[in-house]
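Asker: Chains A and B, in that order, are what the protein sequence lines are.
Here the first sequence is numbered in this note's numbering, starting from -8 and rising by one per residue.
Here the second sequence is numbered in this note's numbering, starting from 8 and rising by one per residue.
Because the hints were derived from the structure by calculation, they are not lab data.
Here a beta-carbon is modelled for each residue, glycine too, at the ideal position from N, C-alpha and C.
Honestly, I wouldn't trust all of these hints.
What the hints assert, rightly or not - Covered, in the sense of this in silico footprint (three residues per stretch, anywhere, with C-beta under 8 Å from a C-beta of chain A), are these stretches of chain B:
(1) 15 to 26
(2) 36 to 47
As the list claims (entries may be wrong) - A few chain A residues that don't get close to chain B, going by computed Cβ distances all over 10 Å:
(3) -7
(4) -2
(5) 2
(6) 29
(7) 59
(8) 66
(9) 82
(10) 86
(11) 109
Stated by the list, open to error - As a list, the in silico EDC-like pairs of lysine to aspartate or glutamate whose alpha-carbon atoms are at most 16 Å apart:
(12) B:41 <-> B:84
(13) A:32 <-> A:117
(14) B:41 <-> A:-5
(15) B:56 <-> B:83
(16) A:32 <-> A:60
(17) B:41 <-> B:97
(18) B:56 <-> B:81
(19) B:22 <-> A:-3
(20) B:42 <-> A:118
(21) A:32 <-> A:-3
(22) B:41 <-> A:-3
(23) B:56 <-> B:97
(24) A:32 <-> A:118
(25) B:22 <-> A:-5
(26) B:42 <-> B:84
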Amino acid sequence: MALETETEVEQITTVLDEQGNPESPANEKQQQRVAEAAENKPAIGGFVHTTSSTDAEQLPAHDVPHGVDVVVQTRAANADNIYIGNSEVQPLEVGPNSGATFRVTDTSALYVRAASAGDVVGVIFEEDA
Amino acid sequence: MLYPEPTPEATPINKPATVTLQPDERGTITFSPKKRVSELVLPIIAMSKHPQCIYEVRTDGDAVYGPASIPPTDIDDLQVCFLPALRFSETLTVEVSNVGSAARQINVQPVGWEPAGEDQ
Chain A
-8 MALETETEVE QITTVLDEQG NPESPANEKQ QQRVAEAAEN KPAIGGFVHT TSSTDAEQLP
52 AHDVPHGVDV VVQTRAANAD NIYIGNSEVQ PLEVGPNSGA TFRVTDTSAL YVRAASAGDV
112 VGVIFEEDA
Chain B
8 MLYPEPTPEA TPINKPATVT LQPDERGTIT FSPKKRVSEL VLPIIAMSKH PQCIYEVRTD
68 GDAVYGPASI PPTDIDDLQV CFLPALRFSE TLTVEVSNVG SAARQINVQP VGWEPAGEDQ
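Make a model of the complete structure from these sequences and hints.
Answerer: If you want it as structure tokens, here you go:
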């Protein structure tokens, strides 16, 4: 008794990139990364930055986990507005006792420019232990 | 240990086949008797064992193994893996999916027999 064989190879269902090329669906590592970003964090990081001028000042560097928002809040006692943005432009006008959130991987991506030198921002974010 | 055991008049079956799978490819190998038979007996289906491969076996369209991350038996071990042995009359289908990032050569080796008096 002999057996005949027939062999077929097909592509497992994939997703397409924007050029129409097949890409692997999310693998275990990617799924784990997404899961970690969605989970709560065990610790809180933060700092206070007191402006020393009316020029754009870079905030200190701190790693921020994926999926975490950085909260930048201006002090109620500030004399004037603080403008938030990047090294080139700081378009976001934030008055005293107000704030904004940013999803960056490092707080040093943020620049603040005080209309009144000496005004203060507080920065807080969740982080891994 | 085999169950059942072949008689001396039985005709042996040992038909290896090979397929190379690139990442994200699925290979389907279908074995079928050249002549009509009422039943073939298969206690061993050996396959190359690789990480990130998924193995499935169907006989006459019915799922009998997997999906699993290991083959019924490794091609290097060739151990009896079905007790009692599988039986089929029309098709033995082996499906291997490569969900890893490396190309894999998959060897498939069904081993069994055709009982005496089955050839029609």
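Asker: Against each hint, give a clear statement of whether it holds in the structure.
Answerer: Here's how the hints hold up against the structure:
1. Only when three residues or more bring their CB closer than 8 Å to a CB of chain A does the claim for the region 15 to 26 of chain B stand; here the count is 5, and the claim holds.
2. Coverage of the region 36 to 47 of chain B by chain A holds in this model, with 9 residues showing a Cβ closer than 8 Å to a Cβ of that chain against a need of three.
3. Not every CB of chain B lies more than 10 Å from the CB of residue -7 (chain A), the least distance being 5 Å, so the non-interface label is violated.
4. Residue placement check: residue -2 (chain A) does not keep its beta carbon more than 10 Å from all beta carbons of chain B (closest about 5 Å).
5. Residue placement check: residue 2 (chain A) does not keep its beta carbon more than 10 Å from all beta carbons of chain B (closest about 6 Å).
6. The Cβ of residue 29 (chain A) lies farther than 10 Å from every Cβ of chain B, with a closest approach of about 23 Å, so its non-interface assignment holds.
7. With a minimum CB-CB distance of about 29 Å to chain B, residue 59 (chain A) clears the 10 Å threshold, and the non-interface call stands.
8. Non-interface status of residue 66 (chain A) relative to chain B is upheld: no Cβ of that chain comes within 10 Å, the nearest being about 51 Å off.
9. No Cβ of chain B approaches the Cβ of residue 82 (chain A) within 10 Å, the least distance being about 43 Å, so the stated non-interface status holds.
10. No Cβ of chain B approaches the Cβ of residue 86 (chain A) within 10 Å, the least distance being about 52 Å, so the stated non-interface status holds.
11. The claim that residue 109 (chain A) is not at the interface with chain B holds, since no C-beta of that chain comes within 10 Å of its own (minimum 55 Å).
12. Of the pairs offered as hints, the one joining residue 41 (chain B) and residue 84 (chain B) is violated, with about 28 Å between alpha carbons and a cut-off of 16 Å exceeded.
13. A C-alpha spacing of about 6 Å is found between residue 32 (chain A) and residue 117 (chain A), which places the hinted pair at or below 16 Å, so the restraint holds.
14. Of the supplied pair hints, the one linking residue 41 (chain B) and residue -5 (chain A) holds, its CA atoms being roughly 6 Å apart against a limit of 16 Å.
15. Proximity of residue 56 (chain B) to residue 83 (chain B) is assessed by CA-CA distance (about 9 Å); at most 16 Å being required, the pair is judged to hold.
16. Between residue 32 (chain A) and residue 60 (chain A) the alpha-carbon distance is near 12 Å, which keeps this suggested pair within the 16 Å criterion.
17. A threshold of 16 Å between alpha carbons decides the hint, and for residue 41 (chain B) with residue 97 (chain B) the separation of about 10 Å falls inside it, so the pair holds.
18. For the suggested pair residue 56 (chain B) and residue 81 (chain B), the alpha carbons sit about 6 Å apart, so the restraint of at most 16 Å is met.
19. In summary, the hint linking residue 22 (chain B) to residue -3 (chain A) is supported, as the alpha carbons are separated by about 12 Å, within the 16 Å threshold.
20. Only pairs whose Cα atoms come within 16 Å are accepted, and residue 42 (chain B) paired with residue 118 (chain A) is rejected, the gap being roughly 68 Å.
21. A hinted pair counts as satisfied when its Cα atoms are at most 16 Å apart, and residue 32 (chain A) with residue -3 (chain A) does not qualify at roughly 53 Å.
22. With a C-alpha separation of about 12 Å, the suggested pairing of residue 41 (chain B) with residue -3 (chain A) holds against the 16 Å cut-off.
23. Our distance criterion of 16 Å between C-alpha atoms is broken by residue 56 (chain B) and residue 97 (chain B), whose separation comes to about 26 Å.
24. As the CA atoms of residue 32 (chain A) and residue 118 (chain A) are separated by approximately 6 Å, the hinted pair is consistent with the 16 Å bound.
25. Of the supplied pair hints, the one linking residue 22 (chain B) and residue -5 (chain A) holds, its CA atoms being roughly 9 Å apart against a limit of 16 Å.
26. Of the pairs offered as hints, the one joining residue 42 (chain B) and residue 84 (chain B) is violated, with about 30 Å between alpha carbons and a cut-off of 16 Å exceeded.
The structure does not agree with the numbered hints 3, 4, 5, 12, 20, 21, 23, 26 stated previously, though it agrees with the rest.
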